[in-house]
Structure formats: structure tokens, C-alpha cells
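With the hints as constraints, model all of the structure from the sequences given.
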Amino acid sequence: MASRTSKTFLSLGRINIPLLGLNKSSGKATYATALSINFSSGNKGLPDRGGRGPFVRRPRREAGEPRTGKMPVDQDWTAVYPSAAPFRPGSVPLPVRMGYPVKGGIPPEKKGNLELIKIPNFLHLTPAAIKKHCEALKPFCTEWPSALETDTKCDEHFPIKLESKEYVSAGPSLRNPSVRIVHLRVKLSSLNLDDHARKKMIKLLGERYCKNTDVLTIKTDSCPLRQQNYDYAMYLLTVLYHESWKTEAWEAQKTVADMEDYSWEDSPSQKNILDVLLRMKVAGEGDGEEVRQQLLGRKDVQDYKDSVTRLKNEGESESSMLQYKEAVKKVFNM
Amino acid sequence: MAASLSSIGNVRVLSALAWSSSLCSFSGSRGLHVTVSCCKNRAARIRVGKGDKPVTYEQAHHPHHIGHRKGWLSQHTSNLKGEDGAAERTVEDVFIRRFMFGTFHGCLANEIVIKRRGNLLNVCAVMLQKLPPQKFYFLIGYTESLLSHFYKCPVKLEIQTLQDKIVYKYL
Chain A
1 MASRTSKTFL
11 SLGRINIPLL
21 GLNKSSGKAT
31 YATALSINFS
41 SGNKGLPDRG
51 GRGPFVRRPR
61 REAGEPRTGK
71 MPVDQDWTAV
81 YPSAAPFRPG
91 SVPLPVRMGY
101 PVKGGIPPEK
111 KGNLELIKIP
121 NFLHLTPAAI
131 KKHCEALKPF
141 CTEWPSALET
151 DTKCDEHFPI
161 KLESKEYVSA
171 GPSLRNPSVR
181 IVHLRVKLSS
191 LNLDDHARKK
201 MIKLLGERYC
211 KNTDVLTIKT
221 DSCPLRQQNY
231 DYAMYLLTVL
241 YHESWKTEAW
251 EAQKTVADME
261 DYSWEDSPSQ
271 KNILDVLLRM
281 KVAGEGDGEE
291 VRQQLLGRKD
301 VQDYKDSVTR
311 LKNEGESESS
321 MLQYKEAVKK
331 VFNM
Chain B
1001 MAASLSSIGN
1011 VRVLSALAWS
1021 SSLCSFSGSR
1031 GLHVTVSCCK
1041 NRAARIRVGK
1051 GDKPVTYEQA
1061 HHPHHIGHRK
1071 GWLSQHTSNL
1081 KGEDGAAERT
1091 VEDVFIRRFM
1101 FGTFHGCLAN
1111 EIVIKRRGNL
1121 LNVCAVMLQK
1131 LPPQKFYFLI
1141 GYTESLLSHF
1151 YKCPVKLEIQ
1161 TLQDKIVYKY
1171 L
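Protein chains in written order, with my numbering: chain A, 1 to 334; chain B, 1001 to 1171.
Please note that a few of the clues may not be correct.
Claimed, not checked - Below, a list of computed lysine-lysine pairs in the BS3-like style, where the Cα atoms sit at most 27 Å apart:
1. A:K132 - B:K1156
2. A:K111 - B:K1169
3. A:K111 - B:K1053
4. A:K111 - B:K1070
5. B:K1081 - A:K219
6. B:K1130 - A:K111
7. A:K70 - B:K1165
8. A:K165 - B:K1081
9. B:K1156 - A:K111
10. B:K1165 - A:K111
11. A:K103 - B:K1053
12. B:K1050 - A:K103
13. A:K103 - B:K1169
Unchecked claim - Which bits of chain A does chain B cover? Going by a derived footprint, with three or more residues having C-beta under 8 Å, they are:
14. 78-91
15. 99-110
16. 115-129
17. 162-172
Derived by calculation from the structure, the hints in this document are not laboratory data.
We treat Cβ as the ideally placed atom computed from N, Cα and C, and that holds for glycine.
Quick look at the structure:
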């Protein structure tokens, strides 16, 4: 049984060595020398009692001074902590204390302190280490192109902006299903659209269009791969653009309720104001088309038209209500 | 051991109740919900005694001090919002703790801290100097290679050794 297990251990060692890069000879030697040292004093027949009892094998070697005692002040700290590692009290020459103190006591010292091991430390990221990282990365960096100095220039040359996320997590698997989501953002002003095409595009987009920033956002996540979602988003953009330029036959049935902006011509407000002015007999004559045209041409009627259009399009605010009030007062000579 | 037995008993009780409640649903009886007793006020606590029991920092502070006076023994991203894999990481942690307890029997001075950095599994342990160093080296190599084969990811063991356990106070 013992021989079988020892063979499996040795075979384990042999299999794993090329994978983990262990030194083959040292692996075998460690196992062999452990046996030879333990039985060097000639007690080959007796079981290992761990140094107790009348047969002490060899004196227990005392632990030496920790490395902190031998560190010069101007040492290279990046050699002590070259990469992320847990806190080692024998390697960090600082008198750190951590923990809740006992009543009337002080926080426990760093030797054997599990709290210091639990927390993530950044001893491997001192400014000197970061400088070394930057120096090592510099040969792989290229200059930012000079034609793209400002944001507006970037927008001008690259109007379509694509966004996708990468995820890093702790675990054996790299895959994250949220990686496939792609956001495509374009400003409508950078697309070549005339008035009808722009209005049709905005109607087609619905809630994907933000009026304040004039940005269209297409989010695709229906395909399993990011490349497929990107292709689908570009296809959607192309189709939207071409469809908005086409005029279908049924678009002629667009009613006033479908209009995006309020227009004052032929609106109830225009009819009302003209009727009121005619009844007030401002023009002096009877009802007629030329009288109406003449009234429309007057400045205060134009001001009234501007204020009503502004109120309807932009909504109510202090300044727009004031403007409406002034226009009404002017029209009625108050 | 006790928890697993009682959970099996719990399942049996619940299934029996479900069966009985479905049978007598016409008679209008109310269902009874039972759970195994959680003993939340006795978990992971060493009770105050005569004053001769040495206790480490980890044992002296009760579970409600986690986050206030104690840190977390195991860290990974799966417990963050929107991340998955928490159950798998927890099961891995439980296995690793039992494995280390058994492999380094009698040598552990304190709990084991498990850190995950991407793919790498970093197991930090504080040990007593009960075994000669060569045996330690062998057990470390054995643990690393066995665990990396189990979990298909690189496993690194960071061991610190002490002469004796660090006593925080006596209870």
C-alpha cells in the first residue's frame, strides 16, 4: 500500500513537472534527500516521532532573522514586491499594526496577523514600479494623430460611435454573456437628410432618438456574438437612412395631428386672431381675402404669430409667457 | 455533518407535509412550515469560559463583526451585482478549506485566506513549524498540482510559518 502510494506520488511528480515547470531533478532529489536525512543517525528501523522522545534525529534548525533586518534603506522595492502578492510580515519593514485592540491594549502586531493578509495590498504598485511599467510600455505606444486634436474634429471624421464592454472577473471562465451588447450612436446632423427625411427618420426611431443632443442610439443584443450585433446595427442604420429618403404613397395622408412642430399657418389661432381683429374693425372695411392678407402682414400680428409658435413648440416658461403677453397687448392696443 | 443530516430530514418533513396537504386540501387544513433550527446566535462563537482558553483574533470576534472588525476570508468578484458564479466559487472555497485542513493536519495556525485574481487561485495560509521544511515543500507542491488539476486553473499557495499560534486573548 505504501509502495503503491509512493509510486503514484512519484508518477504525479513526473506528469506535472513539464506543466508547472518544476525542476525534475530537484523534485526527485527532495523526496530522496528527505528520507536520507531523516535516517542519517542510523535509526532506520524506527518510525518517525517528529523529534520527540529519546531518539532526537537532529537539532531543530532555528528560523533566521527575517529579511526586514537586512534591508538597506535605498533598496529596490520593486524587487521585493515585483507583482501582486499577499502581505508578508518578514518582507515589509514597516511596524504595521492591524485589528481591534483588546481592552486596555493595542492592535495586534503584523506577525501572524491574518487581517493584513486578507486585505488587498498595493505594495507592488509604488510610484517607482509604475514608472518602470510605463517605461516598458513606451516602445509599444504610438502618437495620437495630429489631425484629431479636438473633439469636434473627431466627430467630423468619425461620426459613428460604437460602444461595447469587456468584462474581467475572478473564476476559471472568460465568458460573459453581456459582452455581446453593442451601442451605436450617431448625430442626425452628420447624416445627409432633407427636411422630410429627417422628420420621417425621427418618427421611425421613436424613443431611440434624444431630442436634446440630436443623438440616435441603436442598442443591439439579439445576436449571440458581438460581431453579429455590430453588423445588425450597421444594417439598421443603412435601412433607416434609405427608408427615410423614400416617400410612400400613404404619407400624403399626414394630418395636422401627425405634425412634429406647430405651424401657425391655417391653424385655429390664426383664424381666431383674424376674426377678432375684423370684428374690432381695425382695418375699417368688411370681410375679404385682401383684408386678411393685409392684417397678416402687420407687425404686431407677426409678433403674435411668433409668440404662439414659441409657446406651442417650446412649452411654457417665464420668457415665452412674457413674450405672448407683450404680443397680445400690442395687437389689442392695450 | 449535522447540518447535512438535518437538511435531509427537513426535505423529508416538507415532502411529507406537501403530500399530506395535497391529500387533505379539500378539508381546508392549514399547511405547517418547518425549517431546521439555525442556531444563529451560537454560530462561530467560542463561549466565554474560565479564562484559560487561548483564542485567535479570528475566533474571538463573532460573525456580526465581519465587515467591522474582521475582514473577509475569501474574495472574488462573483458576489458583486450582476455577476454570476457565486455558488461555484463558494463550493470551491469549502473544498479547498477542507483539503488544506486535512493535508496540513495540525499545522494550521489560523483560517485559510483565498484570493482570486482572474484565473489564478491564491491560497494564503499561516502554519506552525511542526514539520521539517522538506515535508512542507512536498505538501505545498502536492497541493498546488492536485488543486490545479481539479479546478483547471493555476493555484498558488502562499505559506507563512510561525513558532506558535498568535493568541489574541484568553476566554
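So, going through the hints one by one against the coordinates:
no.	hint	in the structure
1	A:K132 - B:K1156	holds (25 Å)
2	A:K111 - B:K1169	holds (16 Å)
3	A:K111 - B:K1053	holds (21 Å)
4	A:K111 - B:K1070	holds (17 Å)
5	B:K1081 - A:K219	holds (22 Å)
6	B:K1130 - A:K111	holds (18 Å)
7	A:K70 - B:K1165	holds (25 Å)
8	A:K165 - B:K1081	holds (16 Å)
9	B:K1156 - A:K111	holds (21 Å)
10	B:K1165 - A:K111	holds (10 Å)
11	A:K103 - B:K1053	holds (17 Å)
12	B:K1050 - A:K103	holds (18 Å)
13	A:K103 - B:K1169	holds (10 Å)
14	78-91	holds (count 6)
15	99-110	holds (count 4)
16	115-129	holds (count 5)
17	162-172	holds (count 5)
Every hint, counting from the list given before, is met by this structure.
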